[in-house]
Structure formats: C-alpha cells, structure tokens
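Participant: Quick note, the sequences are listed as chains A and B, same order.
Quick note: the first sequence uses my numbering, first residue 38, plus one each step.
Quick note: the second sequence uses my numbering, first residue 6, plus one each step.
If you're looking for bench data, these hints aren't it; they were derived computationally from the structure.
Treat each hint with caution, since some may be false.
What the hints assert, rightly or not - Label pairs and their computed distance ranges (CB to CB):
#1 B:Gly-242 to A:Ile-208: 26 to 36 Å
#2 A:Leu-292 to B:Ala-163: 27 to 37 Å
#3 A:Pro-320 to B:Glu-481: 52 to 62 Å
#4 B:Asn-284 to A:Val-165: 48 to 58 Å
#5 A:Arg-261 to B:Thr-392: 47 to 57 Å
#6 A:Gly-125 to B:Leu-212: 52 to 62 Å
#7 A:Thr-209 to B:Gln-378: 32 to 42 Å
#8 B:Ser-491 to A:Arg-116: 45 to 55 Å
#9 A:Val-191 to B:Gln-286: 47 to 57 Å
#10 B:Arg-375 to A:Pro-320: 32 to 42 Å
#11 B:Glu-95 to A:Thr-209: 52 to 62 Å
Unchecked claim - Covered by chain B, according to a simulated footprint, are these stretches of chain A (three or more residues, beta-carbon under 8 Å):
#12 112-125
#13 132-138
What the hints assert, rightly or not - Calculated from the model, a selection of chain A residues having no Cβ within reach of chain B, i.e. all distances over 10 Å:
#14 Ser-103
#15 Leu-104
#16 Gly-129
#17 Ile-208
#18 Ser-254
#19 Tyr-291
Just so you know, even glycine gets a beta-carbon here, dropped at the ideal spot from N, CA and C.
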Amino acid sequence: MPDQQSDKTPFGAQEVAAAKGLTAGTATAPETTAARSLWTDAWHDLRRNPVFIVSALLILFLVVISLWPGLIASRDPQRCQLGRSLEGPSAGHWFGFDTQGCDVYTRTVYGARASITVGLCATLGVAVLGAVVGGLAGFIGGFWDTLLSRLTDVFFGIPLVLGAIVFLSMITLTGIWPVVLVIAALSWPQIARISRGSVITAKQNDYVQAARALGASNSRMLLRHILPNAVAPVIVMATIMLGTFIALEATLSYLGVGLRPPTVSWGVDISAASDGMQFRNAPHILLYPAAALSLTVLAFIMLGDAVRDALDPKLR
Amino acid sequence: MRRSIRLTSAVAGLTVIVAAATACGGGDDSGGGGGGGMIRASWGDPQHPLEPANTNEVQGGKVLDMIFRGLKRYDPETGEAKDEMAESIETDDQQNFTVTIEDGWTFSDGTPVTAASYVDAWNYGAHIENAQVASYFFQFIDGYDEVHPAEEDAEATADTLSGLRVLDDHTFTVRLSEPFSLWPETLGYAAYAPLPRAFFDDHDAWLAKPIGNGPYEIESYQRSQSMTLVRYEGFKGKDAAQNDGVELRVYTDNNTAYTDLQAGNLDLIDDVPASQLQNAQNDLGDRYINQPAGIIQTVSFPLYEDAWEGEDGAALRRGLSMAINREEITSRIFHDTRTPASDFTSPVLGDAGGYEEGLCGEACTYDPDRAKQLIEEAGGLPDGRITLTSNVDTGSHRQWMDAVCNSINNALDDTGACTVNPVPTFADFRNQVTGREMTGMFRTGWQMDYPLIQNFLQPLYYTDASSNDSVYRSEEFDRLVDEANSEADEAEAVNTFREAERVLVEDLPAIPLWYQNGTAGHSERLENVKLNPFSVPVFTEIKVS
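Chain A with its partners taken away, still in its complex shape (with noise of 0.2 Å):
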C-alpha cells in the first residue's frame, strides 16, 4: 500500500504541471492573435492534429484518384482476360486477377470513384434535407416542431439497411443516383435531431435575444445568429455519416442491390469475389477491394473524429 501511494504522487503532480504548462501555453496564444472565431480556432487545432493530417491526406489521395484514377492505373477496369482468371499478384499486375481475369489493382483503383461520390453525394443530401428540417423544426418550434419532430422520427424508425433494401429492389434504375437518393432519404432524421437540438441551443442564447429585441427579421436571425453558432455539430456529425454511407453502399452492393455491374465498385467486387467460395483458393480477390473499403471508411470516420474535437470545445 505505501508502495502504491509513493507512486502515484509523482505521478499525479507530473500531471498537475503538464496540465499547468497546456493552460499557460493556450492561455498566452489571444494575446498574439486577435479575436478568433470558432472557425480558426478549429482550424488551429486541426493543423496540430497528426489524426487529421493523416486522415486528411489519405482522403485527397482518394478524391485524386476518383476524379483522375488513370494517374496510377494505367488499364481499362473493363477489359478482361479470362486466362488470367484468379492468379495471383506478378509484376504489373500487384494485385493479382479476379474471377473474369480483370486487373485487381485497375479496378480497386477505379472503384474509389464509385464508392466516393455515393459517399460526398449522399453526405450532402443528408446535411442539407437534416439541416433544413431540423433547423426549421427548432426555430418556428410549435406546431411545425411537433409535425416535423413527428414526420424525423417516423424516418428514423425505419431501419436503414431493411429500407433500402425495399426501396432498391422496388426501382428498375441502375447506376450511382437511386442509391444516393435512398441512403439520403433515409438517413436525414439523425442530422436533422440534432441540427433542431442545436438551433434550440443557438436560440436561447443572449446575442439571438438581443438581435431579437432590436427587430432583426426571422431570416436575419437565422441566417447571421443561430446557423453559424449551429452548423458545427452537423458538420461533424456528417463527417463521420460519410464514411459509414460508404460502407452502407458496399453492403448494398454486396446485397446485389446498389451499384451494379458493369458500374466498378468495391461493394460489387467484393461481391463478386465472395460468390461461389473464391476466398478459399484466390483470397485476393476478396481481400484488396475489402482493405481498400476499410481504409476508407476509417479514414473519413477519423476525420470526423479529429473535426469533433476541435469543433465541440466542450469535449476538450
């Protein structure tokens, strides 16, 4: 016992002086910049994050590469030889070759484009329609609060992979926008709770009453008090939405009813590589377009991570 507490002094008071050293440093850093907003400050945060650094660049090699994906595959996803059918990875072909004898790596590389835009789009329709009603909900509040609070969480009883599942299969469209369009419409109620929370918040505040008071119309207060003050945990919340509908679009695909081929996507291969037992003799096939979908995915839900920390003060 006295051994314990012996220890755990030094520690506790190496703690204390840490702690003292962060509040000194944040403490002085006003007085060398002028009035920062929440904004800047996120920003100045963000900068010494290694968590978003890393996540940050990752997802800019994955928008490079979406939007320009013959800058590091050089062949056509679509062109196939049926020789090479499953072999393994050989100079030029890293990955190895699926089922139909198509490059792996050409069509890892390609499916990001596919999976990354289900992803923005998807994220964007969420923020926007959860935004919109949430923020109307919390600022008219009433009768519109209770209709819209009643009509989110109708939405959110819905669960999100059984209605797409329905929705999907009920339309004969293919390509990427009928499942944009079902995640976002299914997905909004989330942002939508909370951006109403928020504006609820933003409302009450002292500078809202104030503008208030001095005859600000409706659409000022909205626009120029409360959205900025509110906007925060939305975005954050969206950040981390885009990598989970990135993974939703996979399991859609997987389900065989999201993207489908020829449309080159990660969902797609990895279900096409888990048909019929592949993995037993080619688990390539299975395991790059998976680890490319996982590394993602992680990569967007750490961002989201490292913006929630510099956004949401109270966190810290």
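We have chain A; now place chain B onto it with these hints.
Facilitator: Chain B in isolation, oriented as in the chain A frame:
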C-alpha cells in the same frame, strides 16, 4: 409453353438439387446406419407426388428410375433405348404400333404387369383432370386433344386416349396422330411406366408408399427426411440390383451433403456444390464423376427484330458466335463441368443417336479476328452495341454472361460493345422471352426429355414449335424434319435430322455454347458408380464393399 415447363423443371430440378432438402444434414444418427450392402445417397424432396407422369425433375426421377421399368430403358452408357419389358414393338407405317410385353413380370405387391397396366397408366397420365406435369409426353398419341385440350379452361371430351387399345393381357396397339418413326425410342421415359391396380384403387396409400415393377421396392418413406429402398427379389428384368438397397437422405444444402461425404457419413452425392467444383478433383480424386448430361446451353437471337433479319443478320450471329471463347469459359468459370458445344444436340446421344462433334464447324470455333471481320462486313452491331439477357437467380449465370460479353468485347476491341442485362427471376425472364420482348442475345437452354436427336431440334427450331424462342422459320429445315419423322429406318431418320441440323448451322437462329455436365462424388465403399444420360446415378450397378 413446353419449353417453359421444361426449363422451369430443369432449373427447378437444379435448384432442388442445389438446395436439396432437410434436417438430417448433421448425419449424426447415421453411424454405420448404412448396414452391409446399403448405399447411403443424398436426395432432395421431389417437387411433385411420385406419380410417373407427374415427375419432371431429377429427385423424383431418381426414385422412379429405381422402382419402375417401362417398355424400354435407356442404356446407362450409350443412351440407346433398349427393350426392357417390351418383347416387340412393331409398325408398318410409323403411325400404328403393336406392342407385345414380356410374360411373368410382377409389381412388388405381387400383381402381374399386363397390357392394361400400361394403357390405364397412360390414360391417367394424359387426362387433363389429373393435372400431370409430364402429360405432354402423350401428345403424339391419337386422341390426346380430346382428353387434354390445349385451350385454357377447356374440358376433356373423352375419358381415354382413342389411340390406345388393349388386345389381350400381353398386347396392345397404339395409333399416333401423325407418323413419328422414333416414337418407340421415347418409351424409356418414366412417364410411360405401367401402374398397378393399387394405384387406382387406393391412390393415397399408393402415394404414401409407391408400388412399382422395378429392381427396388420401397420399404419406408418419410417425406422430407428419407426413403429406404430394398432389392425387389421378384424383379424379372436384366438389370437386377447388385446391392442390398439404397437409403436416400434428404439434404437442404448440398454443401452439407458434400461435407458428410468427406466425413464418411454418406456414400453418394449426385450433384457437387458449385462452390466445391474447384476442389472436388483434389478432395475426391477418382471418386469424382464429371460427365456430359443431356443439357445444352445456347444463346438465341430475336429473329423477329429487323436488326437480325437477312444475310447480314446471319453473318452478325456467326461473327458473335466466333467471338466467344468457349474453351476458356468452360474451364475458368465452370471448372470443366461444361463442355464446349460443337453441334446442336448433346454427346449423350452418342454418334449413332445423332451427336456429331464439330458439326457446327467454323461457326462454333473461337476466332476473334475472323469474328471482328464478319461483324464489320455485316455493318457492325445494331447501334454499335448488344445486350445479353438472362435470369440471374440460379446457376452462376451472371459469371458466364460477364465472361461471354468480355470475350466479345475483347474480340471487337471495344469494352462497351456487349453488356449484360440481368433479369432477377426465371419467371420474369421467360415471360419476356415468350412475350417476344428481346432485342439482343438471350440465354436459352434445353434439357432433353428423351435421348433423341429429334428432341433437340423439332421443339426448338420447327416453325411455330412450342419452344421456338427465336421465332425461326425455315422451309428447308421443316421439310427435313418432316422427312426424318416419316423415315422407316432409324439410322436414315437420324441422318436426315443431321441434315436439318446443318441448315441450323447456316442460319444460326441460336448459337451453341456448351453441353452441361452431371457431377457426382462417392465414398470408398462404393464401386462402379455411373451416371446415366439424365445425370441420375445407376444405382442397380453399384457394388458396395
């Protein structure tokens, strides 16, 4: 109509095997349950009650093949129809036949098999009220239209087929509605089996435990679980069982059956799961059987569309056919469980039966350069692109369709030329085909009803035939088929059918892709395991050690 039934049955049959039925999957109650000379084999629940004319899929057919013997039997190796119960089947005009049956045969309940056993069974099978799925087998017999009118909701105007007449206990006559020289060769099919009085007197009891005249009799039958068959000691035929009996066990998942086989809990599976095909050769060695079955897969064209008409259309089809690398697809996608097709029939017919390797010639040989040249000379693909349509709910269709399109695209050096158009379900797909809604290539497959060249040609390509999905019309082809059907000499008839087949090679209303194989695996206890032309194990010849 007929094609859809049959294809459904083919696909249903396959799915039944693939999804073969039930609970005893664990096989834990089995430990040596096979007993001395019993064969433990995998089985699936039959789709229909086990009436001979009401069975058109493999699982029910497997049992019928053990408990019934008809007038003819298809030789398990050559597919040739040999006399079984028939002493003679005589005709002068290919239309009126006199059938004499052997004396001394009995059903396993002890009652004798007589001419009436046949005539009653056939009348039962043909009658519309009995709703037998294979009743179309009796369509060649005079009077079929009266007992089984083709129009919907029509009622039968006769109780029995007017073309059948019993002369005495061992003789009956058959009058066909038109000459059909190869008709006796169709009689090996289970639908033509004789039925005992018990079938008509106490139908439910018969269904619970069917009685036949074959080499085995049913000892016990628990639906969805198992059936035990033992050797029928009173069997009169030439192919008496070489073992004590067979225990059929129902499996819902053929992967489980495969695992049980490897673990020694099962002796015989007659369908190796698709996911194990790649490993079966290694796992089972010479206990893995992979041989042609009577199924051919083809790609058909909508000849009713302008784009596919005339000489250019034919050249286009020939070019597309030559752009498909059949060898590579059968080996890579199907792991050699398909054989590249080079005619419109099936190897199970044998050379004497009308199969001719290489009959399709250049048109079915992969030659990408010539293919591209032909397609370009014909003015290119309609609008520069083509689709390949099929259902994708069964049988790895998606994979081979992708491979076929890739092969065409590589030959044309255009990755967007051919695209796959998947239709979710088989029923949807067949509706679109029979509704003549196709615009590009579409999948067609044919499982034979009996091992005759006629069955591979007439129902598929004769003008207005029931399964002529391409809507192909050729006066020359029709003339040759008619000629072959009224040919007295069997070899001549087969040759004339071959001539007709050569017309198809010129016109290519469909392009042959590959022959489907039957697969099986067995344990070390068994010897002499074979599959017959219908991919059903020849149980009687199996020896148990």
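Participant: Quick one: are Asn-284 (chain B) and Val-165 (chain A) within 48 to 58 Å, going by C-beta?
Facilitator: Given a distance of about 51 Å, which is inside 48 to 58 Å, the answer is holds.
Participant: With 47 to 57 Å as the target window, see if Val-191 (chain A) and Gln-286 (chain B) comply at their CB atoms.
Facilitator: 56 Å, holds
Participant: The hint says 32 to 42 Å between Thr-209 (chain A) and Gln-378 (chain B); measuring C-beta to C-beta, is that right?
Facilitator: 37 Å, holds
Participant: Are 3 or more residues of the stretch 112-125 of chain A near chain B, judged by a Cβ distance of less than 8 Å?
Facilitator: n = 9 at 8 Å, threshold three: holds.
Participant: Over 10 Å to the closest beta carbon of chain B is the bar; see if Ser-254 (chain A) clears it.
Facilitator: 54 Å, holds
Participant: Can the suggested window of 26 to 36 Å be confirmed for the beta-carbon pair Gly-242 (chain B) and Ile-208 (chain A)?
Facilitator: Violated: the Cβ-Cβ distance is about 59 Å, outside 26 to 36 Å.
Participant: Starting from the range 27 to 37 Å, see whether the pair Leu-292 (chain A) and Ala-163 (chain B) falls in it by beta-carbon distance.
Facilitator: 53 Å, violated
Participant: For Pro-320 (chain A) and Glu-481 (chain B), compare the CB-CB distance with the range 52 to 62 Å and indicate the outcome.
Facilitator: 55 Å Cβ-Cβ, so the 52 to 62 Å window holds.
Participant: Look at the Cβ atoms of Glu-95 (chain B) and Thr-209 (chain A) and judge whether their distance stays inside 52 to 62 Å.
Facilitator: 59 Å, holds
Participant: Taking C-beta pairs only, is Ile-208 (chain A) more than 10 Å away from all of chain B?
Facilitator: 12 Å, holds
Participant: Cβ-Cβ distance between Arg-375 (chain B) and Pro-320 (chain A): within 32 to 42 Å?
Facilitator: 39 Å, holds
Participant: Beyond 10 Å from every Cβ of chain B: is that where the Cβ of Tyr-291 (chain A) lies?
Facilitator: 14 Å, holds
Consistency note: the structure conflicts with the earlier hints numbered 1, 2.
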